[in-house]
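Undergrad: One-letter residues, chain by chain:
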Amino acid sequence: MTRIALGATEIRKSYGSVLANQGISLSVGPGEIHAVVGENGAGKSTLMRVLQGIERPDSGHVTVMDRDVSFAGPADALAEGIGMVHQEFMLAPDLSLLENLVLGDEPLRWGRGAFALIDWQSAEAQGRGLAERIGIEVDWHRRAGAAPVHIQQFVEIIRLLRRGSRILILDEPTAVLAPQQVNELFDLVRRIREDGTAILFISHKIGEVMALADRVTVIRQGKIAFSAAVAETSGEEIASHIVDGSNPVGGEIRRGTPGPVVLDVAGLSAEAVEKSHPLHDISFAVHSGEIVGLAGVAGNGQVELMEALSGLRQAKGRVELAGIDLGGLDAERRRAAGMGYISPDRRHEGLAIDASIEENAIAGSHRASPISNGLWVDRGAMKRVALERLNRLSVKYGALRDPVASLSGGNQQRVVFARETAGSPQLLLVSQPTRGVDLNGIAAIHSILRDFRDADGAVLLVSEELDELQMLSDRIMVMAQGRIVGALDADADRREIGRLMVMEGVGA
Amino acid sequence: MSNWLDRGLGFAVPLLIALLVSALVLLAIGENPLDTFSLMLTEGFGSPRRLASTLSAATPLLFTAVGTAICFRAGVFNVGVDGAFLIGGLAAVVAGFSLPAELGWSLVPICLAVGALFGAAWLFIPGWLLARLEVDEVVSTLMLNFIAVAITGYLVNGPFLSRQSGNNVTPPVHEAAELSRLMPPGTLHSGFLLALAVLVAYAFWTRRTPAGLEGAWVGLNRRFSRVVGVSVQRTIILAMVLSGIVGGLGGAAHGLGQLHRFTDGFSAGYGFTGMAVALLAHNSPLGMLIGAILFGALASAGTTIQLFSDIPLDLVNIIQGIVMIFAVIELGRIGIRRRVKA
Amino acid sequence: ADAPVAMIVAQGGLGDGSWNDTANAGFEAGIAETGLEGRAIESNDVVAQGEEIMRRAADSNFGLVLSLEYAHGEPMEGLAPDYPDTSWAIFNQVRAGDNIASVLFGEHQGSYLAGVLAAKMTTTEGVEGINPEPILGVIPAVKSPGIDKFVVGFIQGAKSVNPDIEVKVGYAESFGDPTKGEQMANAMFEGGADIVYHVAGGTGLGVIAAAEASGHYAIGVDTNQDGLAPGHVLTSMVKRVDVATEELIKAYAADKFPGGETLKFGLPENGVGLTEMEFTKDIIPAEYLEAVEAAKAGIIAGDIEVWDVSSQGYPDFYN
Amino acid sequence: MIEQILASGVVLTTPILLAAIGGLVNRQAGIVNIALEGKMLVGAFVAIVISAATGSWLVATLAAALVSMVIGYGFSLTITRLGANMITAGLGLNVLAAGAIGFLMSYAYGSSGTLRLPDVALLPHVFPQSVESVPVVGQLLAHLDPLTILAVLAIAVLPFLLGATRFGLWIRATGNAAPVMLAVGLKPKLLQEASTAFAGFFAGLAGAQLALASIGIFNEGLTAGRGFIALAAFYFGRDRPWQTAAACLLFGLLDAAQIRMQTVGLPPRLIGALPYLMVLVALVVSQMRSLRRTQ
Ligand SMILES: Nc1ncnc2c1ncn2[C@@H]1O[C@H](COP(=O)(O)OP(=O)(O)OP(=O)(O)O)[C@@H](O)[C@H]1O
Ligand SMILES: Nc1ncnc2c1ncn2[C@@H]1O[C@H](COP(=O)(O)OP(=O)(O)OP(=O)(O)O)[C@@H](O)[C@H]1O
Ligand SMILES: [Mg+2]
Ligand SMILES: [Mg+2]
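Chains as they are written, first to last, in the numbering used here: chain A, 1 to 508; chain B, 1 to 342; chain C, 1 to 319; chain D, 1 to 295.
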């Protein structure tokens, strides 16, 4: 009788100075769904990569079916029956869904080895059979990149089932799904559990954990903070462990005093490009001296809206900043008109991670005085400006010339804020400001945002943390399926916000 | 500190591999590798005259290396500097013999400017195609190189053929359009100083100009660049145009300073050797100076050692080929498979 | 003199099957015969490096420096006075200097004779592989005055026999692409030509192969190529570059270097000419050979002037 | 006329096509092979040497293919395992191949540039000379050699190889999304290496065809830029077998026609640049179309 389908014992893993996993032990038995929760950057994905053989732990070991194993690579983990559905999609976009389904374990019609012929008929039959079992319909000949996201998600899971994975790791599988699709997914996962498959399920959403999991473990800053059977705990208790202690993050709640309209958006819409979400007829206003929170399940158009406003994405409709029409202006001009933008993706968009701290702090101001007269850059002035900005937000760093990658996540984010708030823009577009930032950093970033607001700045804030939104915002708008489906007071009932978040799209 | 070590290794490793292989080859044919290498060293650097000859051979490589580095920094894998060198060289030479000789000293700057202009226009094409249409720059610039060879080859046998010569050459440029020699009787000419100036300008540009900073950011992270208000398209086009200017200037200097005319075989693959130099040097100005001199020495010494030994020229090709193959070990950053949608 | 001899190889390098290789053969023969030390120098960048190489050789006490590269004429003229004790030699052009020997070849003249022979042959009845059409072909490697010198001479010779003759010209764009040469020759044969003259080094080997395969005729160049496809190389326009290099070395060794002189290797000097036609004698009517001899005599006597592209530029009948 | 252009076009197409076959598979796996030219040259050299030594065109052809394959494999290792840049490394390999062959020729054979060996066995003609009388394609058939047939067969089989075999699927997946290959337990680097070896194999065949099709001599200029034309062809054909073959045939016919068109007065040099110009134009047109589609 197998007791441990997949187990981790005292796993440690660090990336440079980041201690991503600091001695984590957990296990999941056959027929069990074990949820792993924790804040962004807590170390969940790192642990999963270790369990899947993508990363080697610095120390600790992995157990599969009651045996200690060591993986040289993901192929070994796969051979042990461990399958993972990644946070990012793992389908080759230019291959068909069917080709993706069988990739790596092709049914053969003739021959052996690399040049064996693939039996596409039986592949399709298998695919259809599996899809039927789950109760979905898949057009197997469609190019994967052109299929809807949930179909891509399902195909990934089907692929693993087909390969006989008895241990499934799902890393935030619901992040990109609509509520209806989430239910479908959960049904699917439950059915798989019935077959005796062990499931590790990573999520940010406590509701999902309560609905689906048998056991829950909270990881906080690379350590296990809490672990219990779901039946014996409550959502509140789990939440309190995620955010350390009983109270959500930092400080008193202050509200601002709104002034005149700064951002005026009317009838904004955008088509979906590649994997993005379309925007439908969005209208709202943000006043000076207020923070407007934008709530919503990830992937409902928040990112696209922020990009459309900042000029990074094409959109139709009217956008005015303090009475100036921004229509047709690119990112550069919108910036010049008084707009700051905090990207949700710090490593790939907010910063040039290999460039120096200095350059990251001044980028965008490098063409204007005092740094430049348009022709030359005054390195002295550049240094002074950078120092002034970094000091203002108390960024801790070694040397200005060090790559910004050498900073901790919180300090990296402060560099972004230092840069984006520097010219006293009228409007700050802020997405996921505290993702992967430690607690002190979070408090500091919150107070930066409040100070900005109190100096009559306007803020549009996107965050997946409802706590954060409610604490910072003066009012909250909810987005679902590319539309704004409601606007509420900041201290409105969470259940009401939640209800709006999972609202089905209105109309087509 | 470790950065410097890395850069040093970046040079040393491919060179060592090349020397090792060529030592084996030399042993196989019964030559003493140490003797050969020391002969090469003497021929490359053994006297002021030899050094001048090396620098003379390094001059076109300095231009093409800088021209290439400008684009590599911005994440643009431009392999078309050779084409710009040809086009710029021919244009400058044509100006140099067809403009009135009475222009006197001003001929030199005019001809250089013409070369730069044509080089810029030439690489503007792939720059625009990349920025606006996302046409893969590796292929477009490679194709344009072949086209440049064809066009200049045609012109030098047709419209611009010298009547006095038994070869495909243009008439010589006016004497006033020639670049002066630095160490007569050696062929080292003031184009070398121009190359150094270009190198300094490149160093200045990378660190002291807004566009230079933007180039690096676009090379490191295009999404970031857009967020901080940098036009990626403009930066790409600018990098290509600057690259064309430098390549065209190089061709102009070669035409006005070295050959005093345009001939068939005007560029002995300078663009490609310059590319290897830029890659070896990780685009650093000092590194490119060293790299260009090393390759210049290889070309110059590799030829003259034939006067004193039985080492054939093929050895030079073997060394150069190996250095190029191993030039970019670890320089994964300029992958050609990245295209963040601009 | 006993100081060593250097020869700078022109663009294309050794192995071009033509100019460089022929010169090198004479060079090696001369070295062997005189017992001097001699070195052939190749460069990837021979045009730009020419002056440095020449100076390096002179500085290192080479007594004789020959350059096969046309572009080296000008710098040689400039630097020779700096090295009065060194002997210099340049080809296909005349350069001033007491210690410079200039060597001219009469490729246009030899090609003229080939043209005369070919034009006569092409309409001959009863010869296998010859058709009645007055059509000939020339396959030069690249378009340049040095090569077109052959082409124009050939055309002029052919027209002197039959003004209405058609001479097809197709550039192969390479000295080393026999596949292309073969295909081009085939195209010409299909187009009615029965004799194709090649001026294309290694590419020309394909022309000869095509002639052999199709039963037509090629005319070889530079060296005696008659034996490459016996019976199908009508003749070869031999250019005694090897004789020139060999004799220069021998003269130098004997302290009789013709510095300041221009050596002509034209028809009168037997520096160019047609081969003995060892394998094709039997099919060529004697009167044709007489016509060739007559043309030769005319050229030597100055009655016939053959156009020289390398010194006169392109004539109107060939642009 | 048409008949001859066709025949000569096919002869000129074969080596390009063989090289392009390897190159397109290589690129489907994500490697742009700039070194086809050098590997063709090696193949041609080996083919001549072995053919003279053994008197067998078959052995010579196989040897050429295998040697180029090994070189291709070694070359791919510098890219996949050492992180060399595929473009510069490719250019470097071309330089190295020319240098090494020059060296070998002068030391092993005492010749330079051209290697002419006795008793080189040429590729046989597949059909008896009598097929020449067949209308239109008679010429073509009469000169058909086994490697041309192999090239056509390869093109016919390639869609099947890429579409229906595991190897093909893996190759395409590697070029499209290497991380996915890792995630399903396959080794993308291995496939890139295999595909480069494959490209080497076919480049070797291309070289053998150039050397042994009719003349049987080796010349250092034998490849004459055909490796780059092959590159142009699979870019032109967007890595798809039939389209690439069509591009090769187009370039081959263009070359054959150009031989016959020089009398028209077009400068031969400019005509030679036509394939490259066409690739550029094709790239621009296809990008314009795909951009319009996404907008
Ligand atoms: N490849 C890496 N190199 C450097 N640091 C890394 C790397 N991967 C993760 N980290 C860091 O390790 C810590 C844990 O990251 P991990 O991805 O495991 O978090 P997570 O809990 O999965 O977060 P999220 O919910 O955002 O996915 C973070 O501080 C992260 O920045
Ligand atoms: N591969 C597939 N298998 C099964 N159903 C599919 C597949 N691809 C698309 N569908 C379904 O077909 C319908 C139309 O798909 P399509 O992708 O064209 O819609 P869409 O307008 O792009 O929708 P979305 O914006 O949700 O992606 C949807 O209901 C989708 O769920
Ligand atoms: Mg994660
Ligand atoms: Mg006739």
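One should not assume that every hint holds.
[Stated by the list, open to error] Which chain D residues stay away from chain A? Per the calculated CB distances, all over 10 Å, these: (1) Thr-80; (2) Pro-124; (3) Val-126; (4) Phe-167; (5) Trp-170; (6) Val-180; (7) Met-181; (8) Val-184; (9) Ser-286.
[Claimed, not checked] DEER-style ranges, computed between Cβ atoms: (10) Glu-37(C) <-> Arg-207(B): 51 to 57 Å; (11) Pro-285(C) <-> Leu-122(D): 33 to 39 Å; (12) Leu-122(D) <-> Leu-24(B): 42 to 48 Å.
No wet-lab data here; the hints were simulated from the structure.
Don't be surprised by glycine CBs; every beta carbon is placed ideally from N, CA and C.
Undergrad: State for each hint whether it applies.
TA: Okay, the hints, checked on the actual structure:
1. Thr-80: Since the minimum Cβ distance to chain A is about 15 Å, Thr-80(D) lies beyond 10 Å and the statement holds.
2. Pro-124: The assertion about Pro-124(D) holds, with a minimum of 28 Å to chain A.
3. Val-126: 26 Å, holds
4. Phe-167: Given that some Cβ of chain A is not farther than 10 Å from that of Phe-167(D), nearest at about 4 Å, it is violated.
5. Trp-170: 8 Å, violated
6. Val-180: 5 Å, violated
7. Met-181: Violated, since 8 Å does not exceed 10 Å.
8. Val-184: 3 Å, violated
9. Ser-286: 15 Å, holds
10. Glu-37(C) <-> Arg-207(B): 51 to 57 Å: 54 Å, holds
11. Pro-285(C) <-> Leu-122(D): 33 to 39 Å: For Leu-122(D) against Pro-285(C), whose Cβ atoms are near 35 Å apart, the range 33 to 39 Å holds.
12. Leu-122(D) <-> Leu-24(B): 42 to 48 Å: 35 Å, violated
In summary, the numbered hints that this structure violates are 4, 5, 6, 7, 8, 12.
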